[in-house]
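K.L.:
Keeping the supplied structure of chain A fixed, place chain B upon it in accordance with the hints.
Protein chains: 2
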Amino acid sequence: MNPANSALLTDLYQLAMLQGYDHGGMEETAVFEFFVRRLRPGRGFLMAAGLEQVLEFLEDLHFTPEEMQWLASTGCFDKDFLTHLETLRFTGDVHAMPEGTIFFPNEPILRVTAPIAQAQLVESRLINLLHFQTLIASKAARMVLMAPDKLLVDFGLRRAHGAEAGLLAARASYIAGFTGTATVLAGMQFGIPLFGTMAHSFVQAHDDETLAFEHFAHAQPDNVVLLIDTYDTEAAARKVVALAPRLERDGIRVKGVRIDSGNLAEHARRVRQILDAGGLGHATLFASSDLDEYALRDLLASGAPVDGFGIGTRLDTSSDAPYLDCAYKLQEYAGKARRKRSEGKQSWPGRKQVYRNYDAEGRMAWDGVTVEDELLPGEALIQPVMHDGRRLAPAPRLEDIRSHAAANLTRLPEPLCSLQDWYEYRVEIAPALHELARRVDLAQA
Amino acid sequence: MNPANSALLTDLYQLAMLQGYDHGGMEETAVFEFFVRRLRPGRGFLMAAGLEQVLEFLEDLHFTPEEMQWLASTGCFDKDFLTHLETLRFTGDVHAMPEGTIFFPNEPILRVTAPIAQAQLVESRLINLLHFQTLIASKAARMVLMAPDKLLVDFGLRRAHGAEAGLLAARASYIAGFTGTATVLAGMQFGIPLFGTMAHSFVQAHDDETLAFEHFAHAQPDNVVLLIDTYDTEAAARKVVALAPRLERDGIRVKGVRIDSGNLAEHARRVRQILDAGGLGHATLFASSDLDEYALRDLLASGAPVDGFGIGTRLDTSSDAPYLDCAYKLQEYAGKARRKRSEGKQSWPGRKQVYRNYDAEGRMAWDGVTVEDELLPGEALIQPVMHDGRRLAPAPRLEDIRSHAAANLTRLPEPLCSLQDWYEYRVEIAPALHELARRVDLAQA
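Read top to bottom, the protein sequences are chains A and B. As numbered in this note's numbering, residues 1 to 445 make up the first sequence, in order. As numbered in this note's numbering, residues 1 to 445 make up the second sequence, in order.
Chain A on its own, in the form it takes in the complex (with noise of 0.2 Å):
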């Protein structure tokens, strides 16, 4: 079985709450909206991602055979709640933020309108789906605006969190623009286009380093990109040039190096002049080793020779802030408004809609939240994408969504596009919203 589709992929409080709501006949409809609730430091944006993989496991939601009997073997749950699990499919509305649109605090990219027990038992594995990949792709979109013409490409699977992340990250940071990720599964699986060279291990397999070399060129001659800091970067850089006429005879040409560790920007201009003196011109540079968006703008704007990156550890775990502030939230249950009070957790009431406002050169300049039915100057970024359970339209291309991706970020405001933080964008919260959550905060008193 794949996990990832499990029903079971919940909290144990939300049976409990389905039971409760079983047990006292609360069917009405319910409508909740995730969001984030604030930025973390030293971040100015955010780009939604992850909604594809919500609408699969909401057209997919059942309790299988297998899993039916685990419940019941618990003895936590009663005869008819079972029966009525059972055969508990998603039949609800979902409306969102296409993937790849950037977003701010207390701008909901999701809202879910369904009976209360299939909104509520589905928390959360959607926030566990549209947390990760909105975290990943944020991220990756930093790195994306600091090297914007270089070749970018996640090299983080072994250090994700598990096999998905490794996965859905290889997903989140391509809409954001990478070029493509090392991570064959995400191949298969997505068609995101797959780069990779070699490891120290098959250098150090071989007695010599120039032979590795040869050899690998001449079992990968379409795609021969060497290794050359196993044991010394500059001294493999000669070598790499030393052997060059060898393989150009066998009509194999050196595509490129790359590095690994130590002093890249140094290393790089050293090997770049090896190359270029060598009559390796050609050939392109290509660096990995700890990089984040800091470290790629301090190697270019050094000016450090490198024409591609590849980025692991702290793409795939977005290191520096691991995690957003993010919440699946009621809004609205049986037609009521509905607003969480606890303490530096309020959030807003009700159905929502995010208009968005661009200046004169087409960069976003403010966004108005508002309730749903009132209309606001600006593009309605919230649009319906499943009705009764089933897409409104077949899921868009992965290019599709990097597209759009790409778009959002050529119309992010300057100040966004650096990673200073001082920056706040303007998200207005409309006198509509302000006073349906004093109405409903009357109501609870």
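There could be a bad hint or two in this list.
[As the list claims (entries may be wrong)] List time: in silico DSBU-like cross-link candidates among lysine-lysine, alpha-carbon distance up to 30 Å:
#  : chain 1 : residue 1 : chain 2 : residue 2
1  : B       : Lys150    : B       : Lys239
2  : B       : Lys239    : A       : Lys336
3  : A       : Lys150    : A       : Lys255
4  : B       : Lys345    : A       : Lys150
5  : B       : Lys255    : A       : Lys79
6  : B       : Lys255    : B       : Lys150
7  : B       : Lys239    : B       : Lys255
8  : B       : Lys79     : A       : Lys255
9  : A       : Lys345    : B       : Lys239
10 : B       : Lys150    : A       : Lys345
11 : B       : Lys345    : A       : Lys255
12 : B       : Lys255    : A       : Lys345
[To be verified] Each pair of labels, with its calculated beta carbon distance range:
#  : chain 1 : residue 1 : chain 2 : residue 2 : range
13 : A       : Ala301    : B       : Ser319    : 27 to 35 Å
14 : A       : Ala407    : B       : Gly191    : 46 to 54 Å
15 : A       : Glu435    : B       : Glu56     : 52 to 60 Å
16 : A       : Ala406    : B       : Glu414    : 49 to 57 Å
17 : A       : Asp222    : B       : Leu419    : 51 to 59 Å
18 : B       : Ala407    : A       : Ala407    : 53 to 61 Å
19 : A       : Glu248    : B       : Arg89     : 34 to 42 Å
20 : A       : Asp222    : B       : Arg89     : 22 to 30 Å
If you're looking for bench data, these hints aren't it; they were derived computationally from the structure. All C-beta atoms in this analysis are idealised placements derived from N, C-alpha and C, irrespective of residue type, glycine included.
P.N.:
Only chain B this time, still in chain A's reference frame:
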């Protein structure tokens, strides 16, 4: 298909190298070891976890017909090589420290001895599995040390990085001493005890907070733990006190309350007073919201009357240190020891053993790391677990792994039991290993 078992859960360069090995007829035995290079700031020790999933992956290693078809369709691989991939299985040996064992930098916790293609192919997934569970077990162990007699429950699924991270974080934290998890599927898959109460949405969905409590109590009479911070924490505690006698008449007892926001210590003290004064002295107090080992230490040091904790994001993402500086490196090929010398990333060559020595009180005193065939004083930590691709013993029970971890924690040196980071445990690299490194460097020079 469950992607967790896919042989394509690897980096493209592994397949490129495999084609290189294949092309050159390199099929001799390789030895790779997994180890952590250095501790992250603030950390004093690590706890090994993830071996069980590694062994499952190796036992099942194969390419499916669909995967073979897709690989062929990429045009990156030649026919002979693909034919060899088709029949590839893991036929090697594995040596490892048992899960739950405390370890330190430069100590291998896993050794793979296999034909080089097999040992190389699995690198990405083996790191992915060992890295994550070790990361989480090590983080969870710190929380267990800070709150040894408290109920500790993993609440992290929603902000874990994907489904597998949620499931394996539940497993790793349970190994380290957590009491259980909220993740239902982890209960089904691993038999981990499940805990869960209610969310704010349950309270919000009712027009009246007391009604929500009453309703929940009747639906879950054996597990009446009520969430009291949706609107006003102390007011809700008084509602619980007022409700309790009515519930008692129906034979239902309030088991506890949960607080999820605000100043937890202050709320806990006030709520405890309200409950005690209201005849609910038996009801336990459960706290959650942004907790980690530092918050646990401070809360308990302040005397906050909290009986249990739900710990989510900061556990499941290991938020202050979301990755380990770990590697899986070639240490020997075709009978010759090997070593990488990249700047800042040197490794010790050859097959190794770790010997642990204890002081008079039975606490860990120092470890010795040496070549496999040298005997040092102390307990040998690395044991054979798989031979010719088959396990040497059935998988240990999770409870036994957890007991082993608990026993290890009681033997930690005193300074490592607090959250101070000035103490560095003594790991001695034996002269025999220094000598081997010297010889390898000479041969590779």
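K.L.:
Run every hint past the structure and note whether it holds.
P.N.:
Against the structure, the hints:
A distance of roughly 26 Å separates the Cα atoms of lysine 150(B) and lysine 239(B); the hinted pair therefore holds under the 30 Å criterion. Between lysine 239(B) and lysine 336(A) the CA atoms are separated by roughly 23 Å; this keeps the pair inside 30 Å, and the hint holds. The suggested pairing of lysine 150(A) with lysine 255(A) holds, with an alpha-carbon distance near 16 Å, which does not exceed 30 Å. Between the alpha carbons of lysine 345(B) and lysine 150(A) the distance comes to roughly 26 Å, so the proposed pair stays at or under 30 Å and holds.
About 24 Å separates the Cα atoms of lysine 255(B) and lysine 79(A), which keeps this hinted pair within 30 Å; it holds. With a C-alpha separation of about 16 Å, the suggested pair lysine 255(B) and lysine 150(B) falls inside the 30 Å cut-off, and the hint holds. Of the supplied pair hints, the one linking lysine 239(B) and lysine 255(B) holds, its CA atoms being roughly 15 Å apart against a limit of 30 Å. Our distance criterion of 30 Å between C-alpha atoms is met by lysine 79(B) and lysine 255(A), whose separation comes to about 23 Å.
The straight-line distance between the Cα atoms of lysine 345(A) and lysine 239(B) is roughly 22 Å, inside the 30 Å bound, and the hint therefore holds. Only pairs whose Cα atoms come within 30 Å are accepted, and lysine 150(B) paired with lysine 345(A) is accepted, the gap being roughly 26 Å. Between lysine 345(B) and lysine 255(A), the direct Cα distance comes to roughly 26 Å. Compliance with the 30 Å bound is thereby established for this hinted pair. Of the pairs offered as hints, the one joining lysine 255(B) and lysine 345(A) holds, with about 26 Å between alpha carbons and a cut-off of 30 Å not exceeded.
For alanine 301(A) paired with serine 319(B), a C-beta distance near 30 Å keeps the hint of 27 to 35 Å intact. Distance hint for alanine 407(A) and glycine 191(B): a CB-CB separation of about 49 Å, consistent with the stated range 46 to 54 Å. Evaluation of the 52 to 60 Å hint for glutamate 435(A) and glutamate 56(B) yields a pass: the beta carbon distance comes to about 57 Å. Between alanine 406(A) and glutamate 414(B) the Cβ separation comes to about 56 Å, which falls inside the hinted range of 49 to 57 Å.
For aspartate 222(A) and leucine 419(B), the hinted distance range of 51 to 59 Å is satisfied, since their beta carbons lie about 53 Å from each other. Distance hint check for alanine 407(B) and alanine 407(A): the Cβ-Cβ separation is about 58 Å, which falls inside the suggested range of 53 to 61 Å. At about 39 Å, the beta-carbon gap between glutamate 248(A) and arginine 89(B) stays in the expected band of 34 to 42 Å. Hint check: aspartate 222(A) to arginine 89(B), Cβ distance near 29 Å, so the stated range 22 to 30 Å holds.
No hint from the list above goes unmet by this structure.
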